[in-house]
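The lines below spell out each chain.
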Amino acid sequence: MDAATRDPLSDRRNRGGAIAGSALLAARFLPVWLATAVLTVVAAIVAPDALGHTSWSYVLPLTSVLAVSALGQMLVVMHGGIDLSTPGVISFGGNLIAGVSTGQNHRLAIAIVACLGLGVLVGFANGVLVGLLRLNPLIVTLAVGQIVLAWSSKYSREAVTNNPYVPSDLSSWATGKQLGISAVFWTGAAITIVVALVLRYSTPGRRFQAVGANPRAAWMAGLRVRTHVVLAYTAAGALYAIAAVLLGGVTNSIDPQFGAAYLLAPIAAVVIGGASLAGGLASATSTWVAALALTFLTQMLVTMGLSAAMQYVVFGAAILAGMVVSGDRVAAVLGRWMRPARSAPRAAGG
Amino acid sequence: MRRNDLRLVVLMVVSAAAIALVAAGSGAASGKHATRTQASGPSGVVGKGKGTIGKGGGFGEKYQAPVSTLAHALFKATLLPSNKMARNISLAALGRSTKTVNYDLALKCWKNNGCSTGTGGKYTVAYVEGFGENVFRQMSKMEFILDALTYPSIGKIIYMSAHSDLNQAIADFKSVIAQHVSAIVTYPDFGDAMIPVFQQATKAGIPVSTYAWGYVTGPGTNYTTVVGEDTCKLGKAFAYVMNTQVKSGNIAFLGGFPGNPLSAGWQTCEQKALKPSIHVVANDPTNWDPSKVQGIVSGILAKTPDLKGLSYEDAEFMAQGGYAAYKAANIPYQGVFTYRTDEAGMGCLYDKLKDPKLKVFYYTAGNPQIRVALTADMMKLAGAKIPPEIVFPIQLQNAAVRDMCVKGYPSQASATSLIPLSLLHRMYP
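Taken in order, these protein sequences are the chains called A and B.
Here the first sequence stands for residues 1 to 350, where the numbers follow the numbering used here.
Here the second sequence stands for residues 1001 to 1429, where the numbers follow the numbering used here.
Keep in mind the hints are simulated off the structure, nothing from the lab.
What you are looking at is a predicted structure, and each value in this text was computed from that prediction instead of being measured.
You may find that some hints are simply not true.
A few chain A residues facing chain B, derived, Cβ under 10 Å [claimed, not checked]:
{"no.": "1", "residue": "V38"}
{"no.": "2", "residue": "T40"}
{"no.": "3", "residue": "A44"}
{"no.": "4", "residue": "H53"}
{"no.": "5", "residue": "T161"}
{"no.": "6", "residue": "N163"}
{"no.": "7", "residue": "S168"}
{"no.": "8", "residue": "A189"}
{"no.": "9", "residue": "A196"}
{"no.": "10", "residue": "W219"}
{"no.": "11", "residue": "V250"}
{"no.": "12", "residue": "N252"}
{"no.": "13", "residue": "A260"}
{"no.": "14", "residue": "Q299"}
Built from N, CA and C at the ideal position, the CB exists for glycine as well.
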């Protein structure tokens, strides 16, 4: 079709559609950024100490740990799944770091490999059970997680309790700072950027997104849907293992409850970051921001000196508020508003 | 993805798993010292010193214990309850440390959360708790088992942990009641929420005792007895230290699970006994979780970087989580710290830092108190009248005078535990 035969109305409709699509995408992921900005302003007013260096020295590294585990969860959620084995992998991974290394620096590399291998293995098991055998992910990953936690507890008792400390090279690296900020933070940020770039700009990444957005259409286009689901859980397991390494460096030692806090927090970060639990598009950077908001909120409540009960109340209310204005809901509302109104059908004849 | 690509992925995954397993296996095998395993021995620590304290007996017990055992568990052999019957029960329980038990059986019982003792005894005893996932609780579990194995009349031992779930804790209690156990020892992590099941057990004729000052309303009525130190006096002892060492400034309290009786006990009394010039700027629960300790301490330091002191139950969790928070914030780990427990890890950190501005005062973790609780139950079954409280006196120790870093003990282990060291090494190789 040349310029003479192009329909200007069609061009305008195409441009309008592109703008509408961009608006919907922004609407899905923008709220968490705005909410985090609001939280920062609130903190500046009611708890300015929470914005000080001491607070950030804790918040930023822990944000990265939560963000990396949330990225793993995000990959699973993009395919309409869920993964409750996160605490098990982080726990056992952390115990492997301490137990395999026995606290010695020259064994740190093999310990990290063992941790990553565990994450990949557990993720692959989840992927096979969910992606190939089509079992319910909520139940399956919970069961797998419990099994992993049981083994973690046994291994901890036999190999870690007597020497729960990670090698000094890992803890030194984790407490080291570049540009005044923890190395753990930079690592988490780098992982987030890599995941974002791979999903957005690489062919495998786009395929991954396509399968999550519409599995049936992806299948009809020739993509192997079940293989992508397996890959999603496997990659998630690897990311949980990385989170275990980072957390081990931050805490310097592995205790029996290592990783216990990472059951629902990663899911909360993913959903508040704009992803839908039904599957579809998600944003790595928005997930990271959501992790930052959750970690900072927790720290802010402690800094404010609220009683434990009030901390739980405020935190729960903040999560609820976050869910009400989550990107997924905003995008749905905006999508309905932007849909053109259908005209009434003409009567037959006359 | 093509079939070949899928095969490659599977190969990579299997390889990764194999590497992980080999590495884990080699890690577990290396760095471990060959230990001579001792099949049996005394059920508690019996030192070389001579002499015993106490005399007489009754209800199947001898009210006598070696001075060395008492000094090991209580810091001083004379730090026994003032109430006569409470003292006799304590001497009976701690005196059982001289009896020989089978360590292989004890270890098997500990790993399997229960066992048959092989004596054919008519009694079944249960240790049921709301939370058991730290070294203190696991060591208490072994202390319970060791004490139970000294009774030929105990034929079966049961252990249950509710993993921090209240509903599970209640269900576990009801389960052991339904199994017609003879006696129950527990730590009531959920406080008065356990009263209904305590009453149910008591009504069924099952004595229930708690330890580590697991106070639930109605000792002597709702349940048999509570064993431990007087936590109010513990709080006052902490306050004395703060008043004399800190003198003025900001301090903080940390506790365990919200509402647990141990934390509530000492915090209330310490708060009241502090001088007006000392301000408690924070009082936060930590769920006895070191990573949560790190977050809480970090938040407190953000608001109060010049924190002068801190009171908490668990010394080792501060050595892990608390120290990590100070380090991340670039704030020197200095101040006056008062702890209820005496884990070796905190002592070793204290020795390593060698900082005169770091002052640590501690009490015993009290693992052996569970032996007193079980013996109280057994004496109740024999017809004894058990006092509603078995209270040990408080005497804080100064880390500068009495070293907590006891050689051979795992960092999370309390050196006042009566578990023989050879057995402890088999528990935590």
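Comparing the hints with the structure gives:
1. V38: Result: violated, 20 Å to nearest chain B Cβ.
2. T40: Status violated, d = 15 Å.
3. A44: The hint is violated - A:A44 has no Cβ within 10 Å of chain B, the shortest such distance being about 14 Å.
4. H53: Holds. Min distance 8 Å.
5. T161: holds, 4 Å
6. N163: Check passed: Cβ of A:N163 comes within 8 Å of chain B, closer than 10 Å.
7. S168: Result: violated, 12 Å to nearest chain B Cβ.
8. A189: violated, 18 Å
9. A196: Not OK, violated: A:A196 not within 10 Å of chain B, min 22 Å.
10. W219: violated, 13 Å
11. V250: This interface hint holds because 7 Å falls under the 10 Å limit.
12. N252: holds, 5 Å
13. A260: Constraint on A:A260 satisfied, holds at 7 Å.
14. Q299: holds, 5 Å
This entry does not satisfy hints 1, 2, 3, 7, 8, 9, 10, going by the numbered hints stated previously.
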